[in-house]
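Engineer: In terms of my numbering, the sequence shown opens at residue 1 and continues consecutively.
To be clear, the hints were calculated from the coordinates, so they are not data collected in a lab.
It cannot be assumed that every hint is accurate.
[Unchecked claim] What follows is a set of in silico ranges between Cβ atoms, one per label pair, in the way DEER data are often shown: (1) K87 with D175: 42 to 48 Å; (2) K75 with S99: 18 to 24 Å; (3) G24 with R71: 54 to 60 Å; (4) M98 with S177: 56 to 62 Å; (5) R66 with E170: 38 to 44 Å; (6) Y189 with R61: 46 to 52 Å.
[Said to hold, decoys possible] DSSO-like, lysine-lysine: derived pairs with alpha carbons at most 30 Å apart: (7) K87 with K75; (8) K75 with K103; (9) K87 with K103.
Each residue gets a CB set at the ideal place from its N, CA and C atoms; glycine is no exception.
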Amino acid sequence: MSGGRNTDGCESPECLPTWVQGLGTPVWITKRDGTIGYMNQRAEQLLGRPASDCVGHPCHRVIAGRDAVGRPHCKPNCTVFQLARRKNEIEPVSMRVMSATGKEHWIDVLFLSLSLPGRDGACLVHCALEADRAHRFEEYLERVASRSNEHTHESSQRLGLTPRETEILELLARDESLQAIAEKTHVSYVTVRNHVQHILGKLGVHSIVEAVACYLLVKD
């Protein structure tokens, strides 16, 4: 990667406030004409391309962010830039971006308006927070929810579990260990483990984490 995040006619790092240079997240700055004027090394790593390939090019083409269903979030007539020009509040945005290597990332982007000496109008600072883990968990819960909905129709008694299985699953949801559950329910560890295997089979899941998530979603 280039590390030197600007080209002729764009903002040099020396002209930027120290707080911009000190941000420990992927950062790029869009100028009034919608082109990228600065990009730090973390943004280069996120996108998998050097700043020299991005600076001077339209932000919406470089970033090409999309929403959860694949619709373009980044467009030529940027809504966020319009809000910044009107000095309106700008809420963070979640989007998917694709790196040059084809790897997809979820990011949450925070926007800050920045006025620089000798320039008319404000630039727009984009601070990206990688959110892959959070979105993977959200998608996982959606999958569990779809499974739980199927099982809810199969039985009116909490996914078809016996009272003992329901009790054990409730304790698992409270983060109790199998050994602690055995002591509280006055049965052996092996018996608890067998109950857990029966629970997983009835719920059609493969782990205790999935079983607990399924149980909590149905319970709510």
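Engineer: A separate judgement is required for each hint: does it hold in the structure or not?
Structural biologist: Structure-based check of each hint:
Restraint check, K87 to D175: a C-beta distance of roughly 47 Å satisfies the suggested window 42 to 48 Å. A hinted range of 18 to 24 Å holds for the C-beta pair K75 and S99, which are about 20 Å apart. The hint said 54 to 60 Å for the Cβ distance between G24 and R71, and at roughly 30 Å that hint is violated. Between M98 and S177 the beta carbon distance is about 42 Å. The supplied range of 56 to 62 Å is therefore violated.
Look at R66 against E170: about 40 Å separates their beta carbons, and that is inside 38 to 44 Å. For Y189 paired with R61, a C-beta distance near 59 Å fails the hint of 46 to 52 Å. This hinted pair checks out: K87 and K75 have alpha carbons roughly 20 Å apart, not beyond 30 Å. Restraint check for K75 and K103: the C-alpha separation of about 21 Å stays at or below 30 Å, so the hint holds.
About 35 Å separates the Cα atoms of K87 and K103, which puts this hinted pair outside 30 Å; it is violated.
Hint violations for this structure: numbers 3, 4, 6, 9, all remaining hints satisfied.
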